[in-house]
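A.B. asks: Can you build the whole structure from these sequences, using the hints too?
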Amino acid sequence: MNQVEKSIRSCLERGDKAFVPYIMAGDGGLDTLREKVLFLQEKGATAIEIGIPFSDPVADGETIQQAGERALAEGVTLRSVLRTLQSFKQEVNPEMPLLIMSYLNPILAFGVDEFVQSLQVSGVSGLIIPDLPLEESELLNETLATNHIALIQLVSLTSDQKRMAAISGQSSGFIYAVTVNGITGARQGFDEALAEHLMNLKSISSVPVLTGFGISTPAQVEELSDYTDGVIVGSAIVEAFHNGDADRISRLIKASKGKQTADH
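According to my numbering, the sequence shown is numbered sequentially starting from 2.
In short, the hints are calculated from the structure, not lab data.
C-beta atoms are modelled at their ideal positions from N, C-alpha and C, and glycine is treated no differently.
Please note that a few of the clues may not be correct.
What the hints assert, rightly or not - When the alpha-carbon atoms are kept at most 16 Å apart in a straight line, the in silico EDC-like pairs for lysine to aspartate or glutamate are as follows: (1) K258 / E223; (2) K258 / D17; (3) K44 / D17; (4) K44 / E96.
Said to hold, decoys possible - Listed next, with one range per pair, are the computed distances between beta-carbon atoms: (5) E143 / N106: 37 to 45 Å; (6) N94 / D57: 32 to 40 Å; (7) K90 / E70: 40 to 48 Å; (8) K90 / G30: 16 to 24 Å; (9) A110 / E143: 14 to 22 Å; (10) N142 / R10: 18 to 26 Å; (11) L73 / G16: 36 to 44 Å; (12) G30 / S204: 38 to 46 Å; (13) D57 / D246: 27 to 35 Å; (14) S11 / A196: 34 to 42 Å; (15) R35 / I205: 24 to 32 Å; (16) A194 / N94: 22 to 30 Å; (17) E14 / P134: 13 to 21 Å.
C.D. replies: Here you go:
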């Protein structure tokens, strides 16, 4: 079992649900990355997803797109993010894994083997690549497994039973269950069939299932945590950091605590 799955299962054993905040690396400057990671660690994040700014972010909504544009304007690159993470990795609790979210092109431009070695040197334990199809994941599977880095696969609302089982068999760390048909960003509510879909996915998955996309309030964190092992919150965290609203982040994380008894 890799560190990402270990941390989530430890969180569940404590009686909480997992909470994974997403931040855009370099939004506000790369010198803010250490401060944000340590703040989220102090507030009780289970793991942290660190986005790499990219010029063609097909899965990102307006809030994260704008954060990426601000980071790109600062000259932030995949290499500079990994160097920055390496500079303060000794301050990060190894039981709170760092995850990188990048699109595939920057990884290919970096070079797969060199990229994976750099992840390990930088203290990164997991990887999310939204535009990497399951059928192409062999490109990274072996070298990631050799370096004990989880490749977290995404399941969409349109994935059928057979594909969900196939993704479960190939995912490590956890499965990222996308809650909407579309891009990231705050939503007022979710499809009525979402709860059944999530519970079905959880029943066939051999690794924890976390839900993401569109979750922006403590009430939504509590609601969706009832059906899976935890949540990933992106746009609301990015917006709160941009506005200097630390209390909003604290309330979102707090909503994931003490939820284990509601497990289905």
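A.B. asks: Holds or violated: are the alpha carbons of K258 and E223 at most 16 Å from each other?
C.D. replies: Holds, because 9 Å separates the two Cα atoms, which is no more than 16 Å.
A.B. asks: Starting from the range 14 to 22 Å, see whether the pair A110 and E143 falls in it by beta-carbon distance.
C.D. replies: holds, 20 Å
A.B. asks: Taking 40 to 48 Å as the hint, is the beta-carbon distance of K90 and E70 inside that range?
C.D. replies: violated, 27 Å
A.B. asks: Please test the hint of 16 to 24 Å on the beta carbon pair from K90 and G30.
C.D. replies: holds, 19 Å
A.B. asks: Can the suggested window of 32 to 40 Å be confirmed for the beta-carbon pair N94 and D57?
C.D. replies: For N94 and D57 the Cβ distance comes to about 34 Å; the hint holds.
A.B. asks: State, for the Cβ atoms of S11 and A196, whether the hinted interval 34 to 42 Å holds or is violated.
C.D. replies: Roughly 26 Å apart at Cβ, these two residues miss the hinted range, so it is violated.
A.B. asks: Holds or violated: 13 to 21 Å for the Cβ distance of E14 and P134?
C.D. replies: Between E14 and P134, where Cβ atoms are some 34 Å apart, the hint is violated.
A.B. asks: Return holds or violated for the Cβ distance of E143 and N106 against the range 37 to 45 Å.
C.D. replies: Violated, since E143 and N106 (Cβ atoms, about 21 Å apart) do not stay within the stated range.
A.B. asks: Are the Cα positions of K44 and E96 separated by 16 Å at most?
C.D. replies: Given pair K44, E96 holds - Cα atoms ~14 Å apart, limit 16 Å.
A.B. asks: Indicate whether the distance between the beta carbons of R35 and I205 respects the range 24 to 32 Å.
C.D. replies: About 39 Å separates the Cβ atoms of R35 and I205, which means 24 to 32 Å is violated.
A.B. asks: Taking 16 Å as the top limit, are the C-alpha atoms of K44 and D17 close enough?
C.D. replies: holds, 14 Å
A.B. asks: For the range 36 to 44 Å, tell me whether the beta carbons of L73 and G16 fit it or not.
C.D. replies: holds, 41 Å
Hint check: violations occur at hints 5, 7, 14, 15, 16, 17; the rest are consistent with the structure.
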